[in-house]
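Novice: What follows is each chain in one-letter form.
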Amino acid sequence: MVELADLKTVGQPNWCPGCGNFPIWHALKRAIVELNLEPHNVAIFSGIGCSSKMPHWINTYGFHGIHGRPLPIATGARLVNNNLTVIVVCGDGDGYGIGIGHFIHAMRRNINITYIVTNNQVYGLTTGQTSPTSDKGFATKSTPTGVIEMPINPIALAIASGATYISRGFSKEMKHLTKLIVDGVRHKGFALIDVLQPCVTFNRKNTYEWFSERVYKLEEKDHDVTDKQAAFLKSLQWNDRIPIGLFYREIRPTYEDELPQIAEKTLVKQRIEDIDIRALMDEFV
Amino acid sequence: MENNSLSWKIGGEAGYGIMTTGLIFAKVCSRAGLHVFDHTEYPSLIRGGHNTYQVRAEVEEVFSHVIHVDLFVALNRKTIDKHKEELAPRGGIIYDGDKIPLSKDDLGREDVKLFPAPLLRLAEESGGRRIMINSVALGASVALIDFDFEMLSGVIRDVYRGKATETIEFNIRAARLGYDYAKSKRMGKDFGRKLPKVGAKKQMLLTGNEAVGLGAIKAGCKFYAAYPMTPASSILHFMAAQERNFSLVVKHSEDEIAALNMAIGAGFAGARAMTATSGGGFSLMSEAIGLAAMTETPIVVVVCQRPGPSTGLPTRTEQGDLKFVLHASQGDFPRFVIAPGDVEECFYKTIEAFNLAERYQCPVILILDKYLSESHKTAEEFDMSKVKTDRGLLLSDEELEKIGEFKRYQFTETGISPRTIPSQRGGIFTATGNEHDETGYVSEDKIVRTKMVDKRFRKFEHAEREIPEPKLFGPEDAEVTIIAWGSTKGPIKEAMKLLDRDGMKANFLQILYISPFPTNTVSKTIEGSKRTVIVENNKTAQLASLIKEKTGKEIEHRILKYDGRQFFPTEIYQRVMEVL
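Quick note, the sequences are listed as chains A and B, same order.
Numbering that gives the first Met the number 0 puts the first sequence at residues 0 to 284.
Numbering that gives the first Met the number 0 puts the second sequence at residues 0 to 579.
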């Protein structure tokens, strides 16, 4: 049995005290334990930002890559080793800003990756600039007079892009978030877990209190997770009431399911010495 | 009369199957045992532009295209107007006499042989579509050089394999009508240039890109991701077609950024992985090149150059990206840059690229250009005894068990640290684009930083000692030493034939491994040369500049061309003669 101690690393998180990343970190480790995933069969990929340091503090294989690109890196790894549990953790800058193109394509291909976006609606590690999910009017160093654009709506975008597991968690609801991650990893296909993650240093608007007054759990509201239209309507709720939990789930073949070349044996286990190309060369004669 | 050589060229409007027709003619010559080099020119559009395909077939080995044409197939008037200067003395033109009024007076030349044939009428008679004028012209061409029709019909069947039986039969019928027409008019006798059938030697006819693809498959490339971009796209097409036959995953990704990052993910996970692109796509990949270097992830990147900057001339050729690939991405880190010069090197060096990437755990860049990527050349089937697989310090589970505490980036004498891949128990680590300590943990410690930079470069010091020395073609004592890299190898070897014919002693130093740079050999060669000439298909003589940087030595003479076209051997010959 895998235990929390198995996931312990020498280094410890260096996030600000009270950072919304701590509960996400705990939830992810608990999910791995609950799923009984052996650490060496898990790989956690991340981008750049406060939350993207997380792979260093969980004792699994990890890849702390470059800004916005964890999904392509994770996709390559997953396609050559489909026995690996692949989890991506990154921020809203990575996921919904610089890397939003990869996000949409990963969803439409329904690759079996669990995508946890720690969404604090601000750029933390670069000391407080606007993010793609900052509320309209949010004043930051890069938008001193307030953000002009509408924020990205990741849940609505995911519904439109063909993701097959679409959910939102909240840092303060760690048990609830743990279950979302557990179910997301168990789900065969692309699982989005957008996490409302207060940044205690640079976002003085969307605080724990602000969210606590607004969030409610979809599970408690008789929401049908197979109803795409209902999910879309729920995805549009923000200012006064903010739903968390599972918005939508669908069973569709994964990208990997459509690749007969990896059905029997994962690519990294296939022998590469002595590949016979004589017949292929003959085609050029 | 039999001749030992023929230069044949078909020209016409894009959309008239010029590329397929040219390939069929080239393959007919190749199967006759002749050495073939072919060369295409086309603008960046799908319909209506002017396309040409030149096939050079000779008894002796050929390494490049040539400027002259012995037999033209002009599918339209424009081909004649545009290319008549290229027609060799007593050269012939096959054209549609019903559509194009043409006389020797029009051309202002008495020596030209005119072969009017009712191409469209015969295409229609064959029952096929208008486009089959290309097959009619093929039939006439093969009749003119006095090859058997069966040689042509066999190639048509093979090249069109997979198409509807009806399409294949229409094309063969159209070719037959063209063949019979030419025979009935005794055109071959008038043309007077037969090609010999050398014998049933088994040889391939393939492009540089196809050779790269073959090399990648042989090397055990299990993951290939790319975004289409001329002239690299044909590698993607080749790999995609083999995906299920050789059990690999080929991903046409959303962009080049994703392509290289996916390949890095695959490399990290333990598969041999590759991507290919042209300069524009490589610009997008620049950041990830540094990531591969920092995380010490093996990766092979093929850059097929075309003229820039920006979109440039998308379907033409140039060698303008050497300095770019040598320096792309921020920071100081070593990378391999290898510049194959022909299809054989494309194959063997691709395999070597995978070995180097894993042995040294770093990015390896193969640099080609449109001319090498898309020109076909005959080659003997590649020799598998020359090929080996070296996966470097990839720890087995047993080896890993013996190691107490595994450190992915352990400081070693060679700088190379043993590596593990996900799913290996006891091999857990986190790779990071940040500077890190031996365990992989992010570190900004000044001592660790210095040692890590040194470790990455130490690998390369080791590599410098192991890469082969550059090859010197021609006599040791020469009047002139040509120095070049990449696809100019072919035209240079041809120019050397011309120089030799004139009794001029020239030799040629080909820089195949550009990084690490073979400083000593290049330096000594320059010192021992009477005259040095650099030949590059770019404006600024990028290799000459690198030679200056590495050796402190100036190359005396520069032969440069940057009009988007490859050197003709005669151009190099003439310009070398000016130097002498």
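Hints are supplied without guarantee of correctness; some may be wrong.
To be verified - One-sided excerpt, in silico: chain B residues whose CB lies under 7 Å from chain A:
1) Glu84
2) Pro88
3) Ile130
4) Gly269
5) Ala270
6) Gly279
7) Leu283
8) Ser285
9) Phe405
10) Leu511
11) Pro515
12) Ser544
13) Leu545
Simulated from the structure, these hints should not be mistaken for lab results.
The beta carbon of each residue, even a glycine, is placed where N, CA and C say it ideally should be.
Novice: Run every hint past the structure and note whether it holds.
Specialist: For each hint, the structure was consulted:
no., hint, verdict
1, Glu84, "violated, 34 Å"
2, Pro88, "violated, 34 Å"
3, Ile130, "violated, 25 Å"
4, Gly269, "holds, 4 Å"
5, Ala270, "holds, 4 Å"
6, Gly279, "violated, 17 Å"
7, Leu283, "violated, 11 Å"
8, Ser285, "violated, 11 Å"
9, Phe405, "violated, 11 Å"
10, Leu511, "violated, 23 Å"
11, Pro515, "violated, 26 Å"
12, Ser544, "violated, 30 Å"
13, Leu545, "violated, 28 Å"
The earlier numbered hints that this structure contradicts are 1, 2, 3, 6, 7, 8, 9, 10, 11, 12, 13.
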